[in-house]
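For what it's worth, our numbering labels the leading residue of the sequence shown as 3, then goes sequentially.
In case anyone wonders, no lab produced these hints; they're calculated from the structure.
Even for Gly, the Cβ is constructed at its ideal location relative to N, Cα and C.
There may be inaccurate statements among the hints.
To be verified - Using 20 Å as the maximum straight-line C-alpha spacing, the simulated PhoX-like pairs for lysine-lysine come out as follows:
| # | residue 1 | residue 2 |
| --- | --- | --- |
| 1 | Lys70 | Lys93 |
| 2 | Lys55 | Lys93 |
| 3 | Lys93 | Lys74 |
Said to hold, decoys possible - DEER-style ranges, computed between Cβ atoms:
| # | residue 1 | residue 2 | range |
| --- | --- | --- | --- |
| 4 | Val153 | Trp58 | 35 to 43 Å |
| 5 | Thr13 | Arg162 | 31 to 39 Å |
| 6 | Phe118 | Arg60 | 22 to 30 Å |
| 7 | Lys74 | Phe118 | 24 to 32 Å |
| 8 | Lys48 | Asn128 | 24 to 32 Å |
| 9 | Ala180 | Ala157 | 37 to 45 Å |
| 10 | Asn128 | Glu160 | 21 to 29 Å |
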Amino acid sequence: GSRRKALSARTLDAARKQARDQLNDNQALSEADEWTLQQCFDLWMKHKAKPHKRPWERDQSRFDTYLKPMAKQKLSGISSLSVASLHNRIKESSGPYAANDTLAFLSSLYRYAERFDYSGRNPCRNIDKCQEQDREGCLQPEEFPRWHSAVMALAVPEARDFFLLALWTGVRRESVLAMRWDNIDID
């Protein structure tokens with residue numbers, strides 16, 4: 003099948019360099035016996051998360067916090083039982099949302115490896131997610147003055163603008179982060 007990858011470079015020279023880097027990475031990995039979780043994560047960060055996701059730092063933190071103990075294991079060596087155990091530990095220590103989020107992230111790493119001919123089993127596939135409670139995200143009128151004071155006191159102007167834009171537009175966090183100037187009509 004076709005292995006076309008989207009390039010995020012803005013100039014022809016940068017695109018050539020990016021294509022050479024991807025080709026070198028893919029060749030080195032195809033010559034390796036099998037990827038470790040760390041190798042898979044590093045390439046995913048380099049070619050997928052950093053060029054295409056905002057904020058990718060959340061994925062780095064999730065890997066460092068929850069998946070680092072498995073980093074040296076080969077992908078095929080990570081069992082469904084070990085993933086289920088990890089999922090339960092995260093649920094107990096950090097809650098069901100963090101557990102489900104980490105499970106989905108790990109599964110996406112396996113799907114990424116499949117693009118490079120990983121043919122093993124995805125150990126996340128048959129693990130039941132934790133039940134999550136619907137979250138009420140509405141700011142109540144009596145909470146607004148305290149919220150507004152806290153937001154206006156933020157030291158980082160971009161953070162302040164982010165929260166104000168999210169409040170006044172009513173859009174989700176991911177949509178605010180993905181906004182571009184051409185998406186905004188001030189008139």
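Item to check | Violated constraints from the hint list, given by number and in increasing order | outcome: Numbers 2, 3, 4, 7, 9, 10, in rising order.
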